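Asker: Listed below, chain by chain, are the residues.
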Amino acid sequence: MLISCPLCGPRDATEFRYVDERRQRPDPEQASPQQWRDYLYVRANPSGPARELWLHRSGCRQYLFVDRHTLTNEVQTAALARTEGTR
Amino acid sequence: MTSSHRLPPQPGEVIDRAQRFTFRWNGRPYQAYAGDTIASALAASGVRVLSRSLKYHRPRGLLSADFNDPNCMVTADGEPNVRAAHRLVSPGMSVSSQDTWPSLRFDVKAANQLVGRFLGPGFYYKTFMRPQRLWPAYDKVLGRFSHGGYAPTAPDVDRYDQRYAHPDVLVAGGGPAGMAAAVAAADAGARVLLVDEEHHLGGHLRWADAEGLEILRELRAAVQAAGIEVMTDSVVTGRYDGNWVSVLQRSVPGVRERLVKARAKHMIVAPGLIDRPYVVGGNDLPGVMLSTAVRRLVNLYAVKPGERAVVLTANTAGDAVAADLGRAGVDVVRVLDARQDEDVVRIVGRSAVRAVECSDGAVVDCDLVVTAIGWTAPLTLATVSGGRAEFRAEAARFVPVGLPDDVSAVGGIVGDGSTDQLMEHATAVGREAARRASHRAVALAAGVPHARVTAPADTPAVAIPDLRPAAHPMLSLGRTDGIVDFSEDVSAKDLKSAVREGYDSIELAKRYTTATMGPSQGKLEGVNSIAAVAAATGAGLAETGTTTGRPPYVPVSLGALAGRSHQLLRRSPLQGWHDSHGAAPLYAGSWVRPDHYGDPAAEVQAVRDAVGIIDVTPLGKFDLRGPDVPDLLELLYINKWRKLGVGSVRYGVMCAEDGVVLDDGVTGRLGPEHYLMTTTSSGAEATYDWMERWLQTERRQWRVHVTPVTSNYASINVAGPRSRELLARLTDLDLAPDAFRYMQVRTGAVAGIADCVVWRIGFTGELSFEVHVPAGHGLHVWKALLATGSDLGIRPFGIEAQRILRLEKGHLIVGQDTDGLTQAYGAGLDWAVKLDKPDFAGKPELVWQQMRDDYLRLVGLQPVDGAVVPPEASQIVEDGTRIVGRITSSRMSPTLGHAVCLGLLAPHLSSAGTTVTVRLPGGGSIQARVMPELAHVDPEGVRLRG
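Which chain is which? The protein sequence lines are G and A, in order. Heads up: the first sequence runs through residues 1 to 87, numbered per the working numbering. Heads up: the second sequence runs through residues 1 to 946, numbered per the working numbering.
Hints were generated in silico from the structure; no laboratory data involved. Hints are supplied without guarantee of correctness; some may be wrong.
Stated by the list, open to error - Beta-carbon label-pair distances, calculated as ranges:
id: 1; chain 1: G; residue 1: Thr77; chain 2: A; residue 2: Asp732; range: 54 to 64 Å
id: 2; chain 1: G; residue 1: Glu21; chain 2: A; residue 2: Ala601; range: 48 to 58 Å
id: 3; chain 1: G; residue 1: Ala44; chain 2: A; residue 2: Arg500; range: 38 to 48 Å
id: 4; chain 1: A; residue 1: Ala539; chain 2: G; residue 2: Thr77; range: 41 to 51 Å
id: 5; chain 1: A; residue 1: Asp405; chain 2: G; residue 2: Pro49; range: 19 to 29 Å
id: 6; chain 1: A; residue 1: Gly924; chain 2: G; residue 2: Pro46; range: 52 to 62 Å
id: 7; chain 1: G; residue 1: Asn73; chain 2: A; residue 2: Gly46; range: 51 to 61 Å
Remember, it's a predicted structure, so these values are computed and weren't measured experimentally. Cβ coordinates follow ideal geometry from the N, Cα and C atoms, glycine included.
Bound conformation, chain A alone (with noise of 0.2 Å):
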């Protein structure tokens, strides 16, 4: 299609005449410049209707031609729910309309409008209600009718990003008073953000006559000269505590949404005024337009939007549309002065405007109208800023007050006057919030230590001249009803017919006929949502009050909020090796670790058999020095440390204060003052949280100082009966079974490294070693290891294996075996409690716990069809469905050849030798043996002691 409706050059016009390509609008071509949004190419084209209305299915052309237009919402390559007089249109977009069948220009579902008294308000609610069971059904249905193109199924393939800004001062709108705020806050010495919703600077001066023309190149000049930091196509978002300001940034190459977290020291808000649509009988036919939307047309885009004009006009922006639309060569054939008491009394037409009824009973035959009726004031920004919507009724708009000290106001929001007006008013401002973020930022710095901070000179606050809006006539709701929420058709009749039915607040009847609740969020239709209540309560707009607005102001993609994936992955200096030699990875918390080499059974075989090693790298690490240390450990463990000597280690449980089971670990004596603690590898940031509460709160006076070492050590496991003849061959620590005996340490020289921490323990059930290596020589040691141990049948053994061994041998995971109401009795850790130290975390908890018998206890457990592997949290049952248990860790131990389970069971079944049913999750059960202990393979410990 060429571009019909395409006018000469006009002066402030931003697309470029040299750039021409082609597009997809529904499947056909249509003509484009570079600089053109979707509608405005498509309005070149003489292309009226853009989408079909929500509830009721009638056509809808263009109404504000900006992002906030209600008509307009689009598909562009796949993306539902662009902005179409918003977003630039490039070439080759295939962009379509949404939610219409079978085509924008006959849809089928415009059949609503013939039923629309079944979807007046609330019908959402009182429709669909009976009966309940066809809920499922009606919710289908509906679906089918719910506004908003499809989510695409394939992955995004965009990229998404933040960044982080610590402007002096930020002003949000790059209109002429947030220019001027902008640069006169840089020229004293601001650090300045300028943001700007649009493609270009320059609010309402961009369509101006030649003279506010060469005002907006002056200011971009001493924009561009101040050094300020520009983002156009972005908005403020929201502003939090302390200036804490979120701004979206969507032209950013290569990224398609950018997140900006701002720390600003002032904020200036500068949003301009937004054109109010009148609420009479047509007002949403294609052809109807707000004034400010003929004058983008006209003047940035050089669209004809019509041929024949009838002009609404309160003020001087309609005086003004009426001569954009004269010399674009659109016949004005009426001008109605509101001021004068003329008035549009309904807009005629079906498909498209064809007439207008005027207040003096002639009726205008026409296919345009545009009206300029009054102001709405943007006022979310400032209101959740902590100021107010106050109503000025003689000039028929809400203005902020209240706002605190580090947000001011600038232009149309806070008053009318001329440019040199607002600009003086906000050059002002700008001064003032330049000396107010001077003292906010010698405030913060005083707040660093050590910082050498010099305050300024005590300047006196800027006198800001006062700027006040002007009168205007309250024009909203006209002789008839027409719509006044047109992202979600709700219309002025719904609003005063929901008042009738006691919905008589503003906050109930938005809820009830969900005005202001669509994409235009009530930039548009808010005030005149509010005039509708009022009308119909007989209150004023003051009394009637505004609703809440609520960050953000524009919608955000979850894209942004994510931004760009951060996820730390540790990684041990082993790694490398393990993902060279076929390890399947195993992501547990922020580390990856080998879960098996291939054959996790064979690899429990080698440690039961001859000998096998692991890296536990992961493993939580903590060197504690200090006279304290034992305390600190009595303090949390809930067994016993003092009697430990140097030489020797001991396995811990620590409790929280309620006595649930907290972490678990083996800590070892090196030296009389100099303790190594090991935690869980998913416990480890926790349990060192835990200590340094304890140290620098409760327990000040304690000298014991926690350094934490987790990946300072690389940490090999060698378990299996053949690991001290493995481990001899390389150290020469004495380790004969009298010279370092079960639960002792040792540190010497491993294959050649020095300073290796030794431990003999046994979570495996085997004899084994843990080898804490310092981190650079890990993988030495480890291949040394390997290559040495090559006769004894030593395999690399992964984190299946191990669990296949401690589950065998009965060990419990914390976290997989307990849970967050498993205290210590409960998890079978009877033995280690010891209630006769004065005090440790969770003592008390203990205590009641002992004299009660009503927890769940941890058993070992073995299906009596020992083939069968009952699922981990499979439920045991009683009497058919009561719950009285679960089956916490399950494997086929290919010691035994037989399924081995741990589980929690209520206590009157707990005993040995009670047989249970345990229910499997694909339906069916089976019977499991409660075992006399949590251990299934050699319970006395003759193989780890031996």
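Bound conformation, chain G alone (with noise of 0.2 Å):
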């Protein structure tokens, strides 16, 4: 599996670390138990198109946006958390 890092390149997987889905932390003031118990342990885990987030590691150890089909391990794309949606 190759991931396409903003800054690296197309580098192998194993260069990453997969972090998690990416999602929406809730507000820790307004929370429901079972909203907070959720966003710790519930997963959407889907077979087909995932969102994710990842972190090249062994790279350049920003968190990336990643849009991948976990039934092909294809990466459509990879972008800088800390950027995207700001420009």
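Combine both chains into one complex, guided by the hints.
Answerer: Given below as structure tokens:
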């Protein structure tokens, strides 16, 4: 599996660490126990297109939003989490 | 033994007659030539029996005479399960047969043949089920009957390795088609890696006629001229996402096996075809061989495989083998042509072939039966690449369809034709592969930022000539039942009876009978297994389908998978000093550290009474800068940071979002927007990732820059009542108790080294100063401290002394005194949790934990009998057996002369003064008392604040 890091180019997946599905942290002041525990423990685990958070740990150490097909491992896009959506 | 069956020189032979030597087979000397395999050398001496079969211990000889041959697993120089028909024999090699007793020739377990009805399919599941309590005994006996040699008990002295490769085109298979495809791809500009399982390139051309041998010479020259990297005696074992191809390379000098991880832009599959055995009674007798085995023996090794041969042929390979045999001086007494409805009814013999019953009723005496009844296309690599196996009834074989864009197939698995036709097809595929690889290269390069990419001219796809399998009669099961899976001793009868018992799908029948599950892994017996199941169910081969092939295609040693050891070992700049001063090494995470210098109790005493120094370089250290650092600290730690002034430090605890304690450490404020954070040694990497995760995702707007500086500083903790006196001799910093108070930080020169960060903390429970020295000067400062403190009773101390000191003081170690379920309140950190902060990691969980009363709590414990130290992880029990907690840390306290512990304990037992029962691992139990504080020594903190 190859992931195209926006800073380093296409790299083998072993350089990266899968972190989590891409999710929004609930407001800790407002969240019910159910919402918070969904955030901690419940994952969609899709069979197909997935939106994920990865870390280029053995590279530029940037967190990436990776859109990946879990059946083919084809990576559609990988964008810097730091700047995605800000420009 | 002399080479009685060796023929005069053959045109394509691969043996070097100038190099002749001796090796041993079951203790007796035999002759061989360089280039011989173990099996060819034995065959040249007339050895016909190489092994005994798995279940019935029937004698077995060469069948396919290549790597896949199921009948010649031997032990060579102590290495078990060597494929004798593939492994080259070497001078002095000691080879023995496996799993035979007392000898290969007379094997007691052959009696299994007589009780064969108990060893039918599934016997293992049926026979040894009851009574269940006898299973350990069954298991022991069955173990002796298991296949394979004995694993050596001595350490493996061989070396293993790994490497990476980035070919444009990888060709798996070096027959004529594979070589032609490789040459064409290379000529089109591609970097090509050509992999072949055999010791020489050439495939079936190696035993071709003079014209074929000439083509082979030309192809080999072209491969060399094209600059193709060739790996022989190497196998593509699997293909994964994005054409990540694993290659097992065997004949690398000095390395037993090397795993090559190849990222190919295009892969061409060219495995050729496998000669399929004929399933007929007696088909596993020594002397029954496949046509390709005979052609190898005669043409590559100049071995005469028998004296009187019967040939059963359904194709040109069978016709050619009859000619080969004639040339080798073998008397071909009968050729049965399956295309003319001639057939072998049964093969007769006891320990070897004696005669053949022919379909016309004739019984022909012979010692060799050669079959060429059809081909199996090895499709594993094609199917693991995403292709499917489709049955072509008219050609009696499966072909690959539906390959992905970056994988192609050439040669026999695609179709049949003359050598020229196969090469013409392969050449076109090779050129097309190079074209696709260049497009792939451009797409990959476009993903590299700032790369200047020139797109190649948009050349049209190469036209691929048509190649399809030729018509071939379907032969598989003969008129009598024979062996289907030679490795596992599964007969056609066994498979049919499995279907009758209800295992009527190929996947079920396979697992029930273990057909295709032995060392051959379906390469020889796969199609025959399908045919046997199909015959019993009445379905066709296409409907019956294939079993699922999975990587690896051939056995891969664990050594090759592990490769060379690349374990990182981090060393502080002081480690050399520790090594040369008697430090016992402690391997902790990626670091080697001094555990002690011979007497940890004395080291503890030095710290309590005078002064000691310890190397704490592995502490994780992070330089934090920016206006929003306080926000980050407030978020990561459970306690408060906003009011931390310049020149102060604070102890902080981090929790994960589930409230579980993640890490702890001291962070100091060096300037208005400048902080130095320390973490635990083992938690440094994870904490860095954790900080960056917040800064790069949820809190992108914050202006904080994190720089890991763990290795930039050598860190030395100076601890003990005389530490101030010592340090004062080496620095101009004002160390007076009022000028440099507990939990403060100063920067300045120590022992002449500028820019040291000094903070006053107390992990050991004593007055102590932690000095962070620019790493290159660490050793200088360490030595200066020791020299300057000699009159004060200074001693270096190691991790063990530090662990005792902190335990006496009741300071917890994250991961030792907490586990993956310990939330902050359970770790006794009530004082640190600040729920009035608006937000911090894990806050909701801690809010809820505070409202509960159902969690284990960290407490100080002392055994009533102070001389007994309960081992760490001893369980604390109630009512005899109910586990209500455990000891997390325990040591004999040199300061108190009494055992001291920390433990996690159920809430109803955790109040001070309660006596609990601790079960010792060796049996027996002791009483221990819950203490009022975590600290056993100086709970008021007088010493460290002094």
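Asker: Next step is simple, just say for each hint if it's right about the structure.
Answerer: Okay, the hints, checked on the actual structure:
no.: 1; hint: G:Thr77 to A:Asp732: 54 to 64 Å; in the structure: 57 Å, holds
no.: 2; hint: G:Glu21 to A:Ala601: 48 to 58 Å; in the structure: 51 Å, holds
no.: 3; hint: G:Ala44 to A:Arg500: 38 to 48 Å; in the structure: 46 Å, holds
no.: 4; hint: A:Ala539 to G:Thr77: 41 to 51 Å; in the structure: 46 Å, holds
no.: 5; hint: A:Asp405 to G:Pro49: 19 to 29 Å; in the structure: 20 Å, holds
no.: 6; hint: A:Gly924 to G:Pro46: 52 to 62 Å; in the structure: 54 Å, holds
no.: 7; hint: G:Asn73 to A:Gly46: 51 to 61 Å; in the structure: 54 Å, holds
In summary, the structure agrees with every hint in the numbered list given earlier.
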